[in-house]
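Can you make the complete structure from the sequences, with help from the hints?
Top to bottom, those sequences are chains A and B.
Its first residue numbered 1, the first sequence is counted upward by one per residue in the UniProt record's numbering.
Its first residue numbered 1, the second sequence is counted upward by one per residue in the UniProt record's numbering.
Hint data in this document are derived by calculation from the structure and do not stem from the laboratory.
Backbone N, C-alpha and C fix where the C-beta goes; we use that ideal spot for every residue, glycine too.
Take these hints with a grain of salt, some might be off.
As the list claims (entries may be wrong) - If you anchor each label on the Cβ, the simulated ranges turn out as follows:
{"no.": "1", "chain 1": "A", "residue 1": "R362", "chain 2": "B", "residue 2": "R45", "range": "37 to 45 Å"}
{"no.": "2", "chain 1": "B", "residue 1": "R17", "chain 2": "A", "residue 2": "R94", "range": "35 to 43 Å"}
{"no.": "3", "chain 1": "A", "residue 1": "P230", "chain 2": "B", "residue 2": "S42", "range": "35 to 43 Å"}
{"no.": "4", "chain 1": "B", "residue 1": "A56", "chain 2": "A", "residue 2": "R362", "range": "17 to 25 Å"}
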Amino acid sequence: MTPADLTLAAAAAAIRDRRLSPVELVESVLDRITRVEPGLGAYATVTADRARASARAAEEEIAAGHHRGPLHGVPMGLKDLIDVAGTATSAGSRVRDGHRAGTDSTVAARLSEAGAVLVGKTHTHEFAYGLITPQTRNARNPDRVAGGSSGGSAVAVAAGTATFALGTDTGGSIRVPAALNGVVGLKPTYGLVPRHGVTALSWSLDHVGPITRTVEDAALVLPALAGYDPRDPASVRSGPPDHRPAPEPDLTGLRVGVPHTYYFDHVDPEVEAAVRRAVDRLSDLGARLTEVGVPLARYIQATQWGLMVPEATAYHARTLRDTPDRYAEDVRVLLEAGELMPAGDHLRAQRARTLMRREWARLLTEVDVIAAPAVPLTAVPAGRESVTWPDGTVEAVSDAYVRLSAPADITGFPALTLPVGHDHAGLPIGMQLLGRPFEEATLLRTGHAYERTAPAVRPREHAPRDTVPGTGGGDAGIPAGA
Amino acid sequence: MPTDDLTPPEAARWAARAGLPLAEDRHARVAATARHIHSVVSVLRELDFGDVPPAAAYSAHSDHFAEEPRHDAS
Numbered sequence: 001m002t003p004a005d006l007t008l009a010a011a012a013a014a015i016r017d018r019r020l021s022p023v024e025l026v027e028s029v030l031d032r033i034t035r036v037e038p039g040l041g042a043y044a045t046v047t048a049d050r051a052r053a054s055a056r057a058a059e060e061e062i063a064a065g066h067h068r069g070p071l072h073g074v075p076m077g078l079k080d081l082i083d084v085a086g087t088a089t090s091a092g093s094r095v096r097d098g099h100r101a102g103t104d105s106t107v108a109a110r111l112s113e114a115g116a117v118l119v120g121k122t123h124t125h126e127f128a129y130g131l132i133t134p135q136t137r138n139a140r141n142p143d144r145v146a147g148g149s150s151g152g153s154a155v156a157v158a159a160g161t162a163t164f165a166l167g168t169d170t171g172g173s174i175r176v177p178a179a180l181n182g183v184v185g186l187k188p189t190y191g192l193v194p195r196h197g198v199t200a201l202s203w204s205l206d207h208v209g210p211i212t213r214t215v216e217d218a219a220l221v222l223p224a225l226a227g228y229d230p231r232d233p234a235s236v237r238s239g240p241p242d243h244r245p246a247p248e249p250d251l252t253g254l255r256v257g258v259p260h261t262y263y264f265d266h267v268d269p270e271v272e273a274a275v276r277r278a279v280d281r282l283s284d285l286g287a288r289l290t291e292v293g294v295p296l297a298r299y300i301q302a303t304q305w306g307l308m309v310p311e312a313t314a315y316h317a318r319t320l321r322d323t324p325d326r327y328a329e330d331v332r333v334l335l336e337a338g339e340l341m342p343a344g345d346h347l348r349a350q351r352a353r354t355l356m357r358r359e360w361a362r363l364l365t366e367v368d369v370i371a372a373p374a375v376p377l378t379a380v381p382a383g384r385e386s387v388t389w390p391d392g393t394v395e396a397v398s399d400a401y402v403r404l405s406a407p408a409d410i411t412g413f414p415a416l417t418l419p420v421g422h423d424h425a426g427l428p429i430g431m432q433l434l435g436r437p438f439e440e441a442t443l444l445r446t447g448h449a450y451e452r453t454a455p456a457v458r459p460r461e462h463a464p465r466d467t468v469p470g471t472g473g474g475d476a477g478i479p480a481g482a
Numbered sequence: 001m002p003t004d005d006l007t008p009p010e011a012a013r014w015a016a017r018a019g020l021p022l023a024e025d026r027h028a029r030v031a032a033t034a035r036h037i038h039s040v041v042s043v044l045r046e047l048d049f050g051d052v053p054p055a056a057a058y059s060a061h062s063d064h065f066a067e068e069p070r071h072d073a074s
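Written out as structure tokens, the structure is:
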């Protein structure tokens, strides 16, 4: 194991105790980038010189007795939608050719203040409007999709080319690639983490959050990100989430809801089996399991699209008219077609969202956490666009990947994905935990208890090559944004 | 306006009304995508919303404007 393989918690402890220098850690990560990045394509830009300078500064500061906290001297990747002063926010798009951010986004500034070291900007599906991130390969198998839209961030964390990273999540864009690459992704409560300086996909659905190797690591990153910022109109005044690992992984008294509708429909049997085993583990740890129904399930996709499609089109209104040829075709046609959605459909989606938020709030008075699959199938081969379920239903891969993520984006409730196993081809499977607004600590406590009883997840440079049965070819469906 | 049978020329006309002129080679693709989006979103028309308001994010009490640059719409 090299320093690049350390979890954030382990690296932070080693740096704090002066057993590891930030310079060693950053050099280890840059060395890993040199070796594996050509085959992965996780980064849009690697800021090696800047990272080395930041690492030296951190080393000197810590040697002088000023240790800023667990992120001090730790290398990170930021999704290439997140502004960092002096660097391009290319958003995975030729539309942004020549871009240079003038100031830091709120999250970049806060991470810099916490002493984190920027290693580079990670690839995103163009403007976050897709679930694949075609520039990037899956960290476990290069023939498989990375997932998206925060594909670069998830792959970098999984491959040891960043100790942690940030992603954004509008329809699953943190949780989907995290699950497909075997790492942890946290979509915080809407409004908890400010989005000032982060390129929007859909204002009413966008979230920023951490991608890490462990739940414990996510709990270390979140406090640095959270907190009110008046420049984000959705930002709320809320105390920083405080998750301290309990001495023992004990979940006695925790009420865990297991959906008997929606979340286990049209789910690959290996995914279902792994998630149900993980749920049983929560029960072994003291949680009380209860079956729950998912409210308004029939209207989830319609609500997601009714919000996201016109908002994304509105954001891109000017450039869609000025430089339409600079968009990739899959994104361009969605933006164009978004112009044709009547305002009445958008308002119906907003009203359905009101209903959903009420019903989910009611549901989460009956249970503390809902446990479900993060995505219904593991990473598909690059180029595959649809899946055929045993009952003959054909579903676009992008729709399948969004399907189980959308409820937490629509309601704004927090959701965490963590790895709970692999399929027969060695591809990771994620379990999703959903909770009440601003109760991230409950999700982190639950996920951390689980991971303490499971083998640690380590970066893997080499992965098995195999195929996933049960997925079909074809091109039905249309890419859904994330 | 029903869109389940939206034709490429109709899609072009609707887009033009929204201020987005489309080249002819875009009409069929945009129409197909708009039909698909409509097929997904129109399910919401089944719901009786009664007095339920939209979940818009707006607050008259706001300090969000103090630090933002003035917008010049000219």
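Each hint, compared with the structure:
Taking 37 to 45 Å as the suggested C-beta distance range, the pair A/R362 and B/R45 does not conform, at roughly 24 Å. A beta carbon spacing of about 28 Å between B/R17 and A/R94 contradicts the range 35 to 43 Å that was offered as a hint. The supplied range of 35 to 43 Å is met by A/P230 and B/S42, whose beta-carbon atoms lie about 38 Å from each other. At roughly 22 Å, the beta-carbon separation of B/A56 and A/R362 lies within the given 17 to 25 Å, and the hint holds.
Figure legend: structure checked against the earlier numbered hints; hints not met, in rising order: 1 and 2.
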